[in-house]
Amino acid sequence: MRSSAGPHDRIEELIATQALNGLDEPDRRELERGLAGHGAGCEECRRLLAEYSAAAAALALALDPVPLSAGAEDRLVAAARGEIRVVPGAPSKDSAPGGPFPGRGRFPRWVASAAVAAAMLVAAGVVGYSLAPGRTVPTRVVNMAAGERVLQVAFNPGDQEALVVGANLPDPPAGKVYQLWYQRTEDSAMESAGTFVPRGGTVLAPVVVGPSFVAVAVSLEPAGGSEHPTAEPLYLTKV
Amino acid sequence: MVQAVDVRVVAVRNLEDARDSDLVRRVAGGDEAAFRLLFQRYAQAAKALAVRIVRQAFLAEEIVQEAFLALWRHPGAYREDRGSFRAWLMSTVHHRAVDLIRREEAQRRRGEEARPDASAADRAADPAEEVVEQAALADARQRVRVALADIPPEQRDVLELMYYGGKTQSAIARELDLPLGTVKSRTLLGMRRLRADLAGGMR
Chain A
1 MRSSAGPHDR IEELIATQAL NGLDEPDRRE LERGLAGHGA GCEECRRLLA
51 EYSAAAAALA LALDPVPLSA GAEDRLVAAA RGEIRVVPGA PSKDSAPGGP
101 FPGRGRFPRW VASAAVAAAM LVAAGVVGYS LAPGRTVPTR VVNMAAGERV
151 LQVAFNPGDQ EALVVGANLP DPPAGKVYQL WYQRTEDSAM ESAGTFVPRG
201 GTVLAPVVVG PSFVAVAVSL EPAGGSEHPT AEPLYLTKV
Chain B
1 MVQAVDVRVV AVRNLEDARD SDLVRRVAGG DEAAFRLLFQ RYAQAAKALA
51 VRIVRQAFLA EEIVQEAFLA LWRHPGAYRE DRGSFRAWLM STVHHRAVDL
101 IRREEAQRRR GEEARPDASA ADRAADPAEE VVEQAALADA RQRVRVALAD
151 IPPEQRDVLE LMYYGGKTQS AIARELDLPL GTVKSRTLLG MRRLRADLAG
201 GMR
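Heads up: the sequence lines are chains A and B, in that order. If you use my numbering, the first sequence corresponds to residues 1 to 239, in order. If you use my numbering, the second sequence corresponds to residues 1 to 203, in order.
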């Protein structure tokens with residue numbers, strides 16, 4: 001037993017109780033402030049969190065296992081197959097280090113409105129996806145492809161963070177990536193919104209556009225993207 | 001005085017955790033077989049926890065499915081440097097289960113309609129699959145039960161009310177008619193003991 005108070009005594013008590021989900025709201029807030037105060041790099045905090053989380057999990061593992069209903073695993077996999085997955089950081093390997101796009105690597109949090117979501121989902125042929133709530137809803141969707149291929153840009157006029165949604169897209173040739181461009185006015189040059197690489201044909205990628213634009217385009221560019229299009233657009237759509 | 005540490009136990013646990021982390025990495029790459037393996041390994045333990053808290057097999061199973069789907073959608077939600085996969089999974093399931101019963105309790109207090117009794121539906125549900133379990137988990141369960149038996153009963157009672165009962169510290173203090181400070185110290189002492197037992201693999 002410790003006889004003198006250390007900087008982690010109070011936070012240890014809060015962490016241990018939080019691991020059991022037993023904190024009342026004011027204490028939970030105190031824990032949040034405490035962790036934030038110590039910072040993400042606090043090794044002692046990290047250790048306490050991991051070890052108390054393991055201790056709580058042990059309480060779970062002490063119970064006799066309970067079988068799932070018949071077919072539960074297959075149902076889970078069927079549900080999973082229908083989802084667009086969000087893999088953090090993807091396709092960030094295609095960005096230049098310290099890349100110029102402010103949204104890069106941080107997935108925008110959207111609540112898709114029913115109409116937009118329906119359009120995306122039906123067109124992409126997927127059953128469902130979930131995005132964390134918190135940002136404004138994308139109210140406009142630009143369809144860039146037709147037929148089996150899906151390529152859309154979902155955005156909110158005035159907002160610069162937008163989303164590229166794609167399905168059934170071919171992989172770019174080795175060493176190349178898709179790059180999205182936008183044109184602010186009819187006379188302006190194409191500006192880069194970001195690069196993306198489909199996985200298994202699908203893509204759900206954050207991009208950065210201007211507050212308003214009259215056209216979007218996609219071309220194949222060398223990995224890392226280009227400052228200006230170096231190839232003819234594969235897709236070009238007036239907004 | 002040197003404490004005897006069961007190195008073999010610690011090594012096995014680390015190996016299990018390393019295997020799980022590898023499976024999660026594969027899940028992040030869209031590997032369905034890895035996803036199934038994780039489910040096979042942990043779904044029954046996860047459901048046991050959920051059932052203990054929400055008391056309804058159907059709801060418990062939904063909670064487990066949702067936790068695994070959450071992993072599939074956002075594999076980055078589990079981070080290796082924050083602990084083992086099994087701890088993350090149980091924490092996720094626990095959180096959702098406790099949320100559910102607290103919301104229902106709040107509704108009950110507001111006099112709102114209770115959830116229709118689903119126990120009849122549960123009984124009519126598909127016959128359950130056999131309990132198929134890996135030796136490693138069965139071993140872990142044994143060790144944990146021994147460790148729990150080591151914890152003084154007044155501390156263990158608080159831990160169980162909190163974890164299995166989904167109650168907050170203040171709710172436990174009211175229920176047991178104890179000062180809040182007593183509940184807090186019993187929680188911390190009990191958890192410290194459990195944490196020490198597990199970290200050392202001591203027997």
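Be a bit skeptical, because a hint or two may be false.
Across the chosen pairs, the derived CB separations fall in these ranges [said to hold, decoys possible]: (1) B:66 to A:41: 28 to 34 Å; (2) A:201 to B:95: 20 to 26 Å; (3) A:210 to B:31: 27 to 33 Å; (4) B:179 to A:75: 43 to 49 Å; (5) B:77 to A:175: 44 to 50 Å; (6) A:224 to B:102: 56 to 62 Å; (7) B:103 to A:186: 51 to 57 Å; (8) A:83 to B:22: 20 to 26 Å; (9) A:175 to B:101: 36 to 42 Å; (10) B:181 to A:37: 19 to 25 Å.
These are calculated hints, taken from the structure and not from any lab test. All C-beta atoms in this analysis are idealised placements derived from N, C-alpha and C, irrespective of residue type, glycine included.
Hints, one by one, checked against the model:
{"no.": "1", "hint": "B:66 to A:41: 28 to 34 Å", "in the structure": "holds, 32 Å"}
{"no.": "2", "hint": "A:201 to B:95: 20 to 26 Å", "in the structure": "violated, 34 Å"}
{"no.": "3", "hint": "A:210 to B:31: 27 to 33 Å", "in the structure": "violated, 39 Å"}
{"no.": "4", "hint": "B:179 to A:75: 43 to 49 Å", "in the structure": "holds, 48 Å"}
{"no.": "5", "hint": "B:77 to A:175: 44 to 50 Å", "in the structure": "violated, 32 Å"}
{"no.": "6", "hint": "A:224 to B:102: 56 to 62 Å", "in the structure": "violated, 49 Å"}
{"no.": "7", "hint": "B:103 to A:186: 51 to 57 Å", "in the structure": "holds, 54 Å"}
{"no.": "8", "hint": "A:83 to B:22: 20 to 26 Å", "in the structure": "holds, 22 Å"}
{"no.": "9", "hint": "A:175 to B:101: 36 to 42 Å", "in the structure": "violated, 54 Å"}
{"no.": "10", "hint": "B:181 to A:37: 19 to 25 Å", "in the structure": "holds, 23 Å"}
Hint violations for this structure: numbers 2, 3, 5, 6, 9, all remaining hints satisfied.
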